[in-house]
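These are the residues of each chain, in order.
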Amino acid sequence: MKKIVFLSLFCLFSILIVVGSYITWNRVDPDYSCAQCHEITPSHSKWKSSAHAGVHCIECHGTAISEGFHSLAEKSNMVLTHFTKEKTSDEIRLDERQILAIHRRCIACHQSEYAGWLASGHAVNYREIFMDSVHNALEKPYWDCLRCHGMFYDGNIHDLMALEDTSFIHWKIRDEKQEMLPAIPCLACHQMHTDNPVSQRFVTFFADSLRTSTARNPRIALYLRADKRYLRADKLPHPQMYNAESEISYASDPNTRLCMQCHAPNFKHQAGSEDDRTVTGVHWELSCTACHRPHSGETRESCAQCHSSLTEVQIKKVFEQPHCYK
Amino acid sequence: MKNYNRREFIKAAGLLYGSLLIIPSCKPLSGNNYLVFTEQEAACLIALCEQIIPADEFPGATDAGVIHFIDKQSKLRFPKEQILFKNGIASLQAWCRATHNRLFEELDVPTQIAIMQSMEKDEIKSDLWKIAPKDFFNKLLARTMQGFYGSPRHGGNKDYVSFKMLKLDYPLLIGQNRYL
Chain Y
1 MKKIVFLSLF
11 CLFSILIVVG
21 SYITWNRVDP
31 DYSCAQCHEI
41 TPSHSKWKSS
51 AHAGVHCIEC
61 HGTAISEGFH
71 SLAEKSNMVL
81 THFTKEKTSD
91 EIRLDERQIL
101 AIHRRCIACH
111 QSEYAGWLAS
121 GHAVNYREIF
131 MDSVHNALEK
141 PYWDCLRCHG
151 MFYDGNIHDL
161 MALEDTSFIH
171 WKIRDEKQEM
181 LPAIPCLACH
191 QMHTDNPVSQ
201 RFVTFFADSL
211 RTSTARNPRI
221 ALYLRADKRY
231 LRADKLPHPQ
241 MYNAESEISY
251 ASDPNTRLCM
261 QCHAPNFKHQ
271 AGSEDDRTVT
281 GVHWELSCTA
291 CHRPHSGETR
301 ESCAQCHSSL
311 TEVQIKKVFE
321 QPHCYK
Chain D
1 MKNYNRREFI
11 KAAGLLYGSL
21 LIIPSCKPLS
31 GNNYLVFTEQ
41 EAACLIALCE
51 QIIPADEFPG
61 ATDAGVIHFI
71 DKQSKLRFPK
81 EQILFKNGIA
91 SLQAWCRATH
101 NRLFEELDVP
111 TQIAIMQSME
121 KDEIKSDLWK
131 IAPKDFFNKL
141 LARTMQGFYG
151 SPRHGGNKDY
161 VSFKMLKLDY
171 PLLIGQNRYL
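In order, the protein sequences belong to chains Y and D. Quick note, the first sequence lines up with residues 1 to 326 if you use my numbering. Quick note, the second sequence lines up with residues 1 to 180 if you use my numbering.
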């Protein structure tokens, strides 16, 4: 009897120690837990100076048991890799399932942005993109489609779709579960852990200057599927664009640079070709986001923001004018 | 094996659990940002690489993160090169201290260039060098070029700086590929 009581106490203590240590590890400042490992130091320092500095690691990354067997296996592998110091990549890569898990966590706080995204064309799923018979009649899905649609897909276009049949009517997504997944999630344009100075008050008074502000980096970046890495929007190129033989000018802000990576012209960089929407007319130097809302893409109310004296009829007339080369 | 009675066991278990709470107060052992090199070795390598590809109107080897490329590749792909680099750096620093009374990275730029030219031509003859200076220089030259001009996926060419310098159309801007 004594033995049973002793063993029960032992088990109880062991469970208490394991659970207590685990909770402590997850709750303390990451400086003293997660960030102790050199593998995540760069990400940790960026997070510390980001807008998400108040959001604990586990809020986005979850814990070792939050995703069941998947997260347990993943975290165990991290620990094993850390202690064995075997050859491995020192860069943390997320698969599509993990990307979509983070996408759902973004939504939990950014409800307004989510509502906008949901109403936009960017909320398309794989089925709507890859099984669109009208589009497939014009172009066979190929590897480069995944550059903008399904950029986090863990495979190539032939893993995703059955394209063996000569008729486009029979081109199907192989895995039915994949069909309803979002093809352009939050992380397509937003990089986690971007470099940014800590936010300060905009206005700061100095003896020789009325006001100044700390320049902040854009919160958007392009995910380059080929390289499996992000490139911040302000570092994206500003390619030369042409109208027939003439070179044209257009906005060079980070938003425009990012948008045009997917709303892209043909290989000759002809304005208005293919998916390009380069602005023309009096608004030629305006950024895409001057008129389009960032998440919803809506333009309905943007005219009145600058031209408040215009009537509905006048705005309608303006809309009838060509505003881009397309 | 020592036998514990119940009281001792509870005390020991309590102590064990209590001591686990101390773990968070442990600070990281060092603030080293590199996988293979120490901060001092990295400072020397950065100075060497910057003289191979200096910054002008375009970013140089330092801005392109070449040091991180060499560090990463020495850890993951070419672990045998760790000895070459570490011996090379140690020899160079010992030689600089003996001849110039300073570390390599503390020397002025013309002197750094002159030393590197001597290394390239294998003109430095000294017992302080554990390896041939030319071997060290050539390996460093190759890795610096690879780190600067290669794809960022390997650890260098941060933000595609060399691609921009070369005016490469990257990321490739190309729309759909319709039949008509």
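What the hints contain is simulated information worked out from the structure, not anything from laboratory work. Glycine included, each C-beta is placed from N, C-alpha and C at the ideal position. Please note: incorrect hints may appear among the correct ones.
[Claimed, not checked] Subject to a maximum C-alpha distance of 27 Å in a straight line, what follows is the list of computed DSS-like cross-link-like pairs (lysine-lysine): (1) Lys46(Y) x Lys11(D); (2) Lys2(Y) x Lys80(D); (3) Lys48(Y) x Lys158(D); (4) Lys167(D) x Lys235(Y).
[As the list claims (entries may be wrong)] Computed list of chain Y residues with no C-beta within reach of chain D, every gap over 10 Å: (5) His110; (6) Ala115; (7) Ile169; (8) Ser273.
Hints violated by the structure (numbers, ascending):
Failing hints, ascending: 1, 2 and 8.
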